[in-house]
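Q: Just so you know, the sequences run in chain order H and A.
Residue numbers for the first sequence follow this note's numbering, so the first one is 1 and each next one is one higher.
Residue numbers for the second sequence follow this note's numbering, so the first one is 1001 and each next one is one higher.
Hints listed in this document are in silico derivations from the structure and should not be mistaken for laboratory results.
Honestly, I wouldn't trust all of these hints.
What the hints assert, rightly or not - Lysine-lysine pairs mimicking DSSO-like chemistry, simulated, CA-CA at most 30 Å apart:
(1) Lys239(H) to Lys1050(A)
(2) Lys1061(A) to Lys1168(A)
(3) Lys239(H) to Lys51(H)
(4) Lys41(H) to Lys115(H)
(5) Lys83(H) to Lys1168(A)
(6) Lys315(H) to Lys205(H)
(7) Lys1083(A) to Lys1182(A)
(8) Lys210(H) to Lys16(H)
(9) Lys1126(A) to Lys142(H)
(10) Lys51(H) to Lys41(H)
(11) Lys1174(A) to Lys1004(A)
(12) Lys1023(A) to Lys1034(A)
(13) Lys1182(A) to Lys239(H)
(14) Lys1182(A) to Lys1034(A)
(15) Lys1168(A) to Lys239(H)
(16) Lys1019(A) to Lys1034(A)
(17) Lys29(H) to Lys205(H)
(18) Lys83(H) to Lys1182(A)
(19) Lys41(H) to Lys1083(A)
(20) Lys1126(A) to Lys115(H)
(21) Lys1034(A) to Lys41(H)
(22) Lys1034(A) to Lys51(H)
(23) Lys142(H) to Lys1023(A)
(24) Lys51(H) to Lys29(H)
(25) Lys142(H) to Lys1034(A)
(26) Lys1168(A) to Lys1034(A)
(27) Lys1174(A) to Lys83(H)
(28) Lys205(H) to Lys142(H)
(29) Lys1061(A) to Lys142(H)
(30) Lys239(H) to Lys1114(A)
(31) Lys1126(A) to Lys1083(A)
(32) Lys83(H) to Lys210(H)
(33) Lys1083(A) to Lys1050(A)
(34) Lys1031(A) to Lys83(H)
(35) Lys142(H) to Lys1174(A)
(36) Lys1004(A) to Lys1083(A)
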Amino acid sequence: MIIYIGAEELISPLGKSVEENFSAASAGKTGIALYPQAGFKGVNVHLSTIKDLERSFAFENLVETILDSVCNRIDPVILQSPKTLVVISSTKGGLYDSISDPFGNLMERLTRLFKLAHTPLVISNACISGVLAINVAGNLVKSGHYNHVVVIGCDVVSDFVLYGFQSLFAVSDAPCAPFDAGRSGVTLGEGCSAVVVSRDMSIFKNEVFKLGIGSSANDANHISGPSRTGEGLYRSVQKTLESNGVIADNIDYISAHGTGTIYNDEMESIAFDRLGLTHAPLNSLKGFFGHTLGAAGILETAMSMQMMRNGTLLKSMGYKACGTSVNLNVITENQIGSVQTILKTASGFGGGNASLLIQKL
Amino acid sequence: MNGKLVAQYDPSSTDGWLKQLYKGFQLNYPKFYKMDPLAQAGYLSSELIKANHPDRLLNYKDDAIALVLANRHASVVSDLAFKNSYEIQNAPSPSLFVYTLPNIVLGEVAIANKWYGENMFAVLPKFAPEFYEQYADILLNSGSEAVLAGWLDITDSEIEVFMFLLEKSFSEIKFNTVNLLKLAENRVV
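Using the sequences provided together with the hints, build the complete structure.
A: See the structure below:
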């Protein structure tokens, strides 16, 4: 059975639709800007935040807005079907308004407003949440539990998360520069992105792709530091390739996690080397959007699908010179060309790693 | 455990309930003291299940045991503690911040056991047997041999922990939503 994925949508500082986002990123724009004195103790920080976003209930409002626009990209009738599920991917949810129950409000509001047959399933697995959520969606459809799953990833910038990353000395003093020799940490971002996973091609209004459901693997090494050998990422991608009958040579593009921290990007380069994937054109989209945490896996998958539609691979914003012990094929200028199979990966706190494939039909 | 009372809260102790359990079962894993209550509860309950099935769990390949945990309140205890560290104490604490994600407990259990398998943490409005049934069914049909699953909901006022082991090749109780709900309601940990 083919599992289809399509109807991608994205709200970020670069645009209110996925098309606006793709066209801004293609033109070399970034959502990252300097916020004087916004950090703890008035430190200047770079962030990627959505202008004019009302902070109260921003998380809930973004998810509702995107679910509305996803309905314009599919047959909207399926949303209320008992065979449809909404999956939410987020790390901190509605922390701003309700720190003691950050997801309860959204679950209740979505179910009521959209007359959903099931309460949305919230997946909260740090930075791999998005990729994991798409895989969960694929599995729930493949197993027949549901026919359609709408997957939405969202996280908003907060003092809470910013101060936390600052306390770990993990925030970059310049816009993040994934895989670059001069990289010095993450730039936090916010965004909301969605994709639809289904067993039925006819619900989609535009071209769809094939989802190659992937695996997750824990590093079993450290809760906040990446494995030095890339063991979990290696195992995750290895299993994802194997279960989909794809070999490393078939990968035309890697949408890497690439946070811009010294250790994460180094870990990824080691894992990709072990996997025989250093040939594949690769980028991290965090130079355009910052690290959007629970939204990142969905946002980056959505942008990868746009790259397939448009036949253009985006440059890895912020990258100038190789800064990992293994040389990767990091994209330095937008590249025109046809892409058949892409690999999306993610790694995060808690030692999680996840990966998936998107293929042209 | 499995319907038997194996420990009882001692209100006269200066230790909290989780620490009482750690000491009572004579566990030796000093990292336990660094963990937040959510991770402590996950570590303790996984150790208790291991102690009850010592041979079987050791015989699985290092990536054959999947972890599936869920709760309602995510990482609320650590979230409030971290917020307090920057709002009240004016010094955001990195050791509290790293526990402000509910999936950290998965990492702690994986590290304690060197398990490289599938991991998932979900937030649900309440304990939902059908969630575990659906997802365990998927995992057991896609490479995992066993699933250590549970509900770990911890707030400042309440600790609610229900952990269970699902295995492909062994079955003491048939796994279905009815039996799972029955066990949960009887508070059989």
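Q: Next step is simple, just say for each hint if it's right about the structure.
A: Now for the hints, and whether the structure bears them out:
At most 30 Å may separate the alpha-carbon atoms for a hinted pair to count; Lys239(H) and Lys1050(A) meet this at roughly 27 Å. Between Lys1061(A) and Lys1168(A) the alpha-carbon distance is near 14 Å, which keeps this suggested pair within the 30 Å criterion. With a C-alpha separation of about 40 Å, the suggested pair Lys239(H) and Lys51(H) falls outside the 30 Å cut-off, and the hint is violated. Proximity of Lys41(H) to Lys115(H) is assessed by CA-CA distance (about 45 Å); at most 30 Å being required, the pair is judged violated.
For a cut-off of 30 Å, the pair hint linking Lys83(H) to Lys1168(A) stands: about 27 Å separates their Cα positions. As the CA atoms of Lys315(H) and Lys205(H) are separated by approximately 29 Å, the hinted pair is consistent with the 30 Å bound. For the proposed pair Lys1083(A) and Lys1182(A), the alpha carbon gap of about 38 Å is over 30 Å, so the pair is violated. Proposed proximity of Lys210(H) and Lys16(H) is supported: the alpha carbons are some 25 Å apart, at most 30 Å.
For the suggested pair Lys1126(A) and Lys142(H), the alpha carbons sit about 26 Å apart, so the restraint of at most 30 Å is met. Taken as a hint, the Lys51(H) and Lys41(H) pair is honoured in the structure, with Cα atoms around 23 Å apart against an allowance of 30 Å. For a cut-off of 30 Å, the pair hint linking Lys1174(A) to Lys1004(A) stands: about 19 Å separates their Cα positions. With a C-alpha separation of about 15 Å, the suggested pair Lys1023(A) and Lys1034(A) falls inside the 30 Å cut-off, and the hint holds.
Using a Cα cut-off of 30 Å, the hinted pair Lys1182(A) and Lys239(H) is violated, with the two alpha carbons roughly 36 Å apart. Between Lys1182(A) and Lys1034(A) the CA atoms are separated by roughly 34 Å; this puts the pair beyond 30 Å, and the hint is violated. Proposed proximity of Lys1168(A) and Lys239(H) is supported: the alpha carbons are some 20 Å apart, at most 30 Å. For a cut-off of 30 Å, the pair hint linking Lys1019(A) to Lys1034(A) stands: about 12 Å separates their Cα positions.
Proposed proximity of Lys29(H) and Lys205(H) is supported: the alpha carbons are some 28 Å apart, at most 30 Å. With a C-alpha separation of about 26 Å, the suggested pair Lys83(H) and Lys1182(A) falls inside the 30 Å cut-off, and the hint holds. For the hint linking Lys41(H) to Lys1083(A), the alpha-carbon distance of about 15 Å falls within 30 Å, and the restraint holds. Proximity of Lys1126(A) to Lys115(H) is assessed by CA-CA distance (about 19 Å); at most 30 Å being required, the pair is judged to hold.
Between Lys1034(A) and Lys41(H) the alpha-carbon distance is near 27 Å, which keeps this suggested pair within the 30 Å criterion. Among the hinted pairs, Lys1034(A) with Lys51(H) is inconsistent with the structure: their alpha-carbon atoms are about 39 Å apart, more than 30 Å. Distance restraint check for Lys142(H) and Lys1023(A): the Cα-Cα separation of roughly 45 Å exceeds the 30 Å cut-off, and the hinted pair is therefore not satisfied. Distance check on the hinted pair: Lys51(H) and Lys29(H) sit about 15 Å apart at the alpha-carbon level, within 30 Å; holds.
Between Lys142(H) and Lys1034(A) the alpha-carbon distance is near 40 Å, which puts this suggested pair outside the 30 Å criterion. At most 30 Å may separate the alpha-carbon atoms for a hinted pair to count; Lys1168(A) and Lys1034(A) exceed this at roughly 34 Å. Taken as a hint, the Lys1174(A) and Lys83(H) pair is honoured in the structure, with Cα atoms around 26 Å apart against an allowance of 30 Å. Under the criterion of a C-alpha separation no larger than 30 Å, the hint pairing Lys205(H) with Lys142(H) is consistent with the structure, at around 21 Å.
Between Lys1061(A) and Lys142(H) the CA atoms are separated by roughly 26 Å; this keeps the pair inside 30 Å, and the hint holds. Note on Lys239(H) and Lys1114(A): the hinted pairing holds, with a Cα-Cα distance of about 18 Å set against a maximum of 30 Å. Distance hint between Lys1126(A) and Lys1083(A) is fulfilled; the C-alpha atoms sit about 25 Å from each other, no more than 30 Å. Using a Cα cut-off of 30 Å, the hinted pair Lys83(H) and Lys210(H) holds, with the two alpha carbons roughly 20 Å apart.
Between the alpha carbons of Lys1083(A) and Lys1050(A) the distance comes to roughly 35 Å, so the proposed pair goes past 30 Å and is violated. Distance check on the hinted pair: Lys1031(A) and Lys83(H) sit about 44 Å apart at the alpha-carbon level, beyond 30 Å; violated. Restraint check for Lys142(H) and Lys1174(A): satisfied, since their Cα atoms lie roughly 24 Å apart, inside the 30 Å limit. For a cut-off of 30 Å, the pair hint linking Lys1004(A) to Lys1083(A) is broken: about 39 Å separates their Cα positions.
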